[in-house]
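So the sequence lines, in the order shown, correspond to chains A and B.
In this text, residue positions in the first sequence follow our numbering: the first is 1, and each later residue adds one.
In this text, residue positions in the second sequence follow our numbering: the first is 62, and each later residue adds one.
Derived from the structure by calculation, the hints contain no laboratory data.
Don't take each hint at face value.
Unchecked claim - DEER-style ranges, computed between Cβ atoms:
1. T222/B with V34/A: 16 to 24 angstroms
2. R217/B with V34/A: 56 to 64 angstroms
3. L215/B with V28/A: 36 to 44 angstroms
4. R251/B with V34/A: 36 to 44 angstroms
5. V28/A with A213/B: 54 to 62 angstroms
6. V34/A with A77/B: 30 to 38 angstroms
Stated by the list, open to error - Derived list of chain B stretches under chain A, where covered just means 3 residues or more per stretch with a C-beta under 8 angstroms from a C-beta of chain A:
7. 108–114
8. 147–155
Please read all numbers here as calculations on a predicted model, not as lab measurements.
Positions of the beta carbon are idealized from the N, C-alpha and C atoms, including for glycine.
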Amino acid sequence: MTLATGEQAYADIALVDLLDRLLGTGVVIAGDVVISLAGVDLVQIRLNALITSVRREMAGG
Amino acid sequence: MGEPARYLYAVTRGLAPAVLDGVCGQAGERLEMLGVLDLEAVVSTVDLDEFGEDALHENLEHLDWIERTARAHDAVVQACAAAAPTAPMRLATVCLDDQSVRLRLEEWYDELAAALDRVAGREEWSVKVFAHPAPTTAVMEPAEPALAGGAAYLRRKKAATEERRAAEARSLRAVEAVDRELRGISVAARHLRAQDPRLSGHAGTMLLNAAYLVEAGDARRFTELVAELVRTHPGVSIGCDGPWPPYSFATLDRS
Numbered sequence: 001m002t003l004a005t006g007e008q009a010y011a012d013i014a015l016v017d018l019l020d021r022l023l024g025t026g027v028v029i030a031g032d033v034v035i036s037l038a039g040v041d042l043v044q045i046r047l048n049a050l051i052t053s054v055r056r057e058m059a060g061g
Numbered sequence: 062m063g064e065p066a067r068y069l070y071a072v073t074r075g076l077a078p079a080v081l082d083g084v085c086g087q088a089g090e091r092l093e094m095l096g097v098l099d100l101e102a103v104v105s106t107v108d109l110d111e112f113g114e115d116a117l118h119e120n121l122e123h124l125d126w127i128e129r130t131a132r133a134h135d136a137v138v139q140a141c142a143a144a145a146p147t148a149p150m151r152l153a154t155v156c157l158d159d160q161s162v163r164l165r166l167e168e169w170y171d172e173l174a175a176a177l178d179r180v181a182g183r184e185e186w187s188v189k190v191f192a193h194p195a196p197t198t199a200v201m202e203p204a205e206p207a208l209a210g211g212a213a214y215l216r217r218k219k220a221a222t223e224e225r226r227a228a229e230a231r232s233l234r235a236v237e238a239v240d241r242e243l244r245g246i247s248v249a250a251r252h253l254r255a256q257d258p259r260l261s262g263h264a265g266t267m268l269l270n271a272a273y274l275v276e277a278g279d280a281r282r283f284t285e286l287v288a289e290l291v292r293t294h295p296g297v298s299i300g301c302d303g304p305w306p307p308y309s310f311a312t313l314d315r316s
């Protein structure tokens, strides 16, 4: 188990955990600039982007 | 350079401007506060060549851009949340000018005020529960080939299947118990979508990806309870981190 309490630990927070929150939950006030992705779920797009990147790293390594 | 616009990080109540000293916004831009009644919008200037609709569509495909933008956003939200009640905005909330930002705060004032009341003095903790990775099954490679008749093979296979089902049921009961215990000392709880194992960095299946809203004064009790749950539920892996700004709980309810 990791119990991250200090700033250092927070800095290491996984991007996927951050995106869960920055894209998946929380306040949604529409700005003037609409993230319009033609009906495609934004969260899905970011997951695909991440998985693609992981695969690329694995293929590269 | 394209047209300038305003990137909205968070809405706060009673944030002292000095808190933002030494914190930068997207692309290193200076942070500013726009007051609306007793609320503040924390904003910085961004370029529509980067944050306009077409640009966002393109940029959200690039992991390095997403990460840079998300971490800059989070750094601002963290600084705010450490100092005042904070309602974080979603990534890439962009308005064309200050007037547009103010109009939104006025329009959503009641909901924002309610969200800030809900999270004031509280923090978010993340708890994830994973199944242990499945053991490499010995079923397919019998230790005693001489005895590996068809019937014996099927018996072993059936036993392994039953054991796996029983293990899954035990794991789910453990998840329910962990969640129940943690809800007991939390103000609110929310289940997030389980993460893909390729992203979670954990080989086992994620059974629970939960966020708990905890009174700041109860944080120690919370982490101690997690540590106790780790000991009492050895059949699953439990991970905990925080405190987070209250990302999962500053939601706007409009009926």
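Results of checking the hints against the structure:
no.	hint	verdict
1	T222/B with V34/A: 16 to 24 angstroms	49 angstroms, violated
2	R217/B with V34/A: 56 to 64 angstroms	58 angstroms, holds
3	L215/B with V28/A: 36 to 44 angstroms	53 angstroms, violated
4	R251/B with V34/A: 36 to 44 angstroms	25 angstroms, violated
5	V28/A with A213/B: 54 to 62 angstroms	58 angstroms, holds
6	V34/A with A77/B: 30 to 38 angstroms	33 angstroms, holds
7	108–114	holds (count 4)
8	147–155	holds (count 8)
Checked against the numbered hints given earlier, the structure breaks hints 1, 3 and 4 and satisfies all the rest.
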